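Use the sequences and the hints to build the structure in full.
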Amino acid sequence: MIKVFRYLKPFRMPLIFVVVLLFLQSMTELYLPTLMADIVDKGVAQGDTNYIWRIGLFMILVAFGGIAASIAASYFSSKVSSGFGRDLRSKVFGHVERFSLEEFDKLGTASLITRTTNDITQLQQVLLMMMRMMVSAPLLAIGGIIMAMSKDKTLSLVFVIVIPVLVGAIFLIAGRGIPLFKLIQKRIDRLNLVLREGLTGIRVIRSFNRTEHEAKRFEKANFDLTETSIKVNKIMAAMMPTMMLVLNVSSIAIIWYGGLRINNGSMNVGDLMAFLQYAMQIMFSFIMVSVMFVMIPRASASAARINEVLDTQPVIKDAEHAEKASEQKGYVEFQNVSFSYPGAEQPAVSDISFSAKPGEVTAIIGGTGSGKSTLISLIPRFYEADSGAVLVDGQDVRNLSQADLRAKIGFVPQKAVLFTGTIADNIRYGNESASDEEIEHAARIAQAADFIAEMDKGYEAEISQGGNNVSGGQKQRLSIARALVRRPEIYIFDDSFSALDFKTDAKLRAALKEETRESTVIIVAQRVSTVKDADRIIVMDESRIAGIGTHRELLETSEVYREIVYSQLSEEEIA
Amino acid sequence: MSEQQRSRPAGGGFGRGHGPGGPGMVMPGEKAKDFKGTLRRLLSYLRPHRGQILAVIGMAVLSTIFSIVSPKIMGKATTELLNGIIGRMRGVPGAHIDFDYIWQIVMLLLGLYVISSLFTYVMQLLMAGVAQKTVYDLRRDVNDKLGRLPLKYFDSRTNGEILSRAVNDVDNISTTLQQSLTQLITAVLTIIGVIVMMLTISPLLTLIALVTLPVSFLAIKKISGRSQGHFIGQQRNLGELNGHVEEMYTGHRIIKAFGREEKSIQKFDQINDKLYDSAWKAQFISGLIMPIMSFIGNLGYVLISVIGGLLVTKRSMEIGDIQAFIQYVRQFTMPITQTANIANIIQSTVASAERVFELLDEEEEVPEAAKPAELADVRGDVAFEHVSFGYGENMLIEDMNIDVKMGQTIAIVGPTGAGKTTLINLLMRFYEVNEGRITVDGVNITDFKRGSLRNMFGMVLQDTWLFNGTIRDNIAYGRIGATEEEVVAAAKTAHADHFIRTLPDGYDTVLNEEASNISQGQKQLLTIARAILADPSILILDEATSSVDTRTEVLIQKAMNELMKNRTSFVIAHRLSTIRDASLILVMNHGQVIEKGTHEELLEKGGFYADLYNSQFSNGAAQEIAG
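Going down the list, the sequences are from chains A and B. Numbering of the first sequence is given in the numbering used here, commencing with residue 1 and proceeding in unit increments. Numbering of the second sequence is given in the numbering used here, commencing with residue 576 and proceeding in unit increments.
If you're looking for bench data, these hints aren't it; they were derived computationally from the structure. Since we're looking at a predicted model, the values are computed, not measured. We put the CB at the ideal spot given by N, CA and C, even for glycine. Relax, there's no trap hidden among the hints.
So the derived list for chain A, only partly shown, Cβ under 10 Å to chain B, looks like this:
#1 V40
#2 T116
#3 I188
#4 L247
#5 N248
#6 K415
#7 S479
Have a look at the derived ranges for each label pair, beta carbon to beta carbon:
#8 L788/B with Q46/A: 28 to 38 Å
#9 D852/B with R444/A: 39 to 49 Å
#10 D450/A with R811/B: 28 to 38 Å
#11 D1156/B with A322/A: 50 to 60 Å
#12 R811/B with T422/A: 14 to 24 Å
#13 K106/A with K727/B: 35 to 45 Å
#14 S435/A with G982/B: 53 to 63 Å
#15 N1019/B with N118/A: 47 to 57 Å
#16 K91/A with E1007/B: 48 to 58 Å
Printed below as a string of structure tokens:
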């Protein structure tokens, strides 16, 4: 947690202000009882009305000073905590944006989202609370002890007994409660999981007639959560009463022993009253700190998660002296490339070699997990080859800057991703300077123009978050248009036609052919019909190339390819 | 001195997320549409715990009374001390401090404090049970309700929306019950009790103290009014920021591919700055409440010290009473801030409750037939008789008649988004037909229990659904009480056995939450195994387009063919062989069944299907068919 707070450095000055202001404010809080003691001891005891008025006026001034200080402190602490949250958030987001896919795989997208949003908000809140309470609590406690001792040293010994008792009680109760809070969080997660599964799988659950079973699962999660919650709340129920009891008993003790000391003349009545108020302030500050102690474990869990993100360094970095992009356009070459995902036993792709030229279509086909998607992910350097080299336009991708490299590539992912904004915005994502005509042209090629025209606002229709208001096939076509508008040297289609029905698929491929005449096209596909006309088909099997050639060649030479073809086409269609 | 900070009973609060701000913040209260009705209904959930709640209130009354009385009693001890001292200073003969009397007071106080703490403890203890059990009931009701809602409900809103009601809103209610209810009771009691006690000490001072009341209320109202705007802004900006983060992270591959990192960071910083602006203002303004309250409190404190001091010099008041009075005034501020907050909390709780009740009031599935039909042996004849279906004006299916005999295969074809799942929804009775009837073996499907109807069907959809559990449990989901041998046999038929055995834990491999530890194709195999195990009479299949790899698909196809033998099958078809061999083809477009017939009939007809077929399979470059 302390590590995260190093980002407070730019806020050193306001932080010092906050501490100073809170100190002043605490002092006024402590000073008021002293003044009141004077009213009692000097004013009341001697019947000096003037004195009472004078001190009263002074007290109001002190109170004014107090509020001024605390308002100023509140101003600075709001600015510091919000500023800290802003800077940390920006830092984390900027850092994550530099991550390669490897880091995303490792940390998980959902988890990264929580870390950037909730965890930081959590920290920001705790920081604010700390500045509001934790700073002033010790100040009040120490100030209170000093003031109490200045009133009567001997009586202050009461604290020697009371404070350890108070601290002990807090530790005892919180020590039993805190582990249970963690357990509660787990139980809540479990309940949410069961509920979410029940929602996403509703068709399956109902079709298998397992509603009862799901209800029981939920019942159990619900019961577990309730049971733990009751347990925690029962333990924590002891917290307040115990602390109040300690507080109250110590105030009686102060009255009693104070009374004795007043009796033998070593203390004044007003001082005793002030002393009592100090005692209360001291103990409340302890209670406040104990509340913080309950908050801190949560915040430090958040802090640890944020630190993990910030400590993760992207594996893929631009070379220090990146080469300039060469004059060649649209050449892709793999030289004995192997790659394993971190921690995997088997390489995902192994000893891959091939090359592709402009105007050629290279298709990659093969079973699930055979390494097709991994292979093409190496071209834009989403991952980095463990051995061998990937060359684009004759240059090793590691020697190019990532920006230059990716500017050459139009990438269409397996799972179409759209962003909030209009349809035109989404297509223009591929090329910011694209004109409206170019966008419409790309949409036409991608077979998206028709459905866009059917929409209420056409190209200005808004895509909702996650693209939920368009169908899967429409999403794919828009993401194809996005790549087209870029007019890249290299097209990569990662199984990007899967959600299209065959009519659209066929039309699209016919139109693409025209458009990509001068580029290299690399297509990952499952359907033989998609790859059949390619200049080169790479057949992947268990991370290796099982055959390279045209449809006809492969039918002769590759057993794996034949198997795939026979599974999809009937006899007469193969010829 | 007593309990200035009765405030938040320590229970429950720490494990849950508070809104941004923490204590002393006044969050914008959402308004419920029908506050009274919802509140009444929420209270009805507390009815089973009536006894305990009465006890809680009793405890609250007693512990509050005791804690309110004690400052007054303690004041007596101070008075005795001062009088003794003053007496001695003035040399009054025989003046001394009566320690026997003080000892009695001390003992009395000790007793009061112990009892008061004990009552508070018991109160919290009881409330823990009441609050959690109430929420338990509420959650169970919500889940039961979800089980009875028709699929239409789930299809017409996002899971997030439903989850937010079932989780966040219920959670909100839970926190309120646990914390705010007792707080409200004690706060109100404390205010009343304190006023009464103050009046018994000095009506004049009480008047002074009470003058601060409206000032405080006004201050709180004013501040929270101003901060609300900023809080709403903060909430909106935070939402926008979270949305951006979610979008950018899920689209990370695309951001990279198109080199848009800088743009994305720019937009982030822009939203982040807006958030900062509204956040610090919201925090600052709402942070003013505490200092201002304590200032007003301090003003009262000073006034009372001064005027009280004057009164004591005039001998019209005892010193101990001033001490007690000061304590009362201090006790005052806390419950007032609390009640102001609680009003908001209750408002948002009732709004939450209303959303939960809205869910509970949703229209349920049509009730089961009174005397449900049972088929001893399902043949698998399916007929649609004059079936019409649609929403409002928009009729999707009109007067449809199909007659499917046992063992036949029906292919459903059409472009993406043509509404092919509508038919399946009707068959499985996920949706109810508007007119006409669907029969299985001549029996109207509405005459079956939904459960027994769905037992006749086996369904393999493209979007696989597996739950967080072992592979064995996921397959066994197909049939209750399936044996180990049956599970393995089903896996073997589905060609899943091999890959399962290559996993480190085999059948005991636990699928993680997103089931991302096995591939999409493997998931599909598991769902097929599950359907095989269920051994249904009628099949509903969604032919894979992309998720199952081509080689595995051969195996799956074999298994499916095996499975389809002697069973009536409805297939959302993509492969030509399936389509051509089907007994009946239903052609769908724009959500409607536009043509039906056999392959030959449809070709002859020269309609949409013929067009589709010709453009696909018989001319031009893309002559071959797709899988």
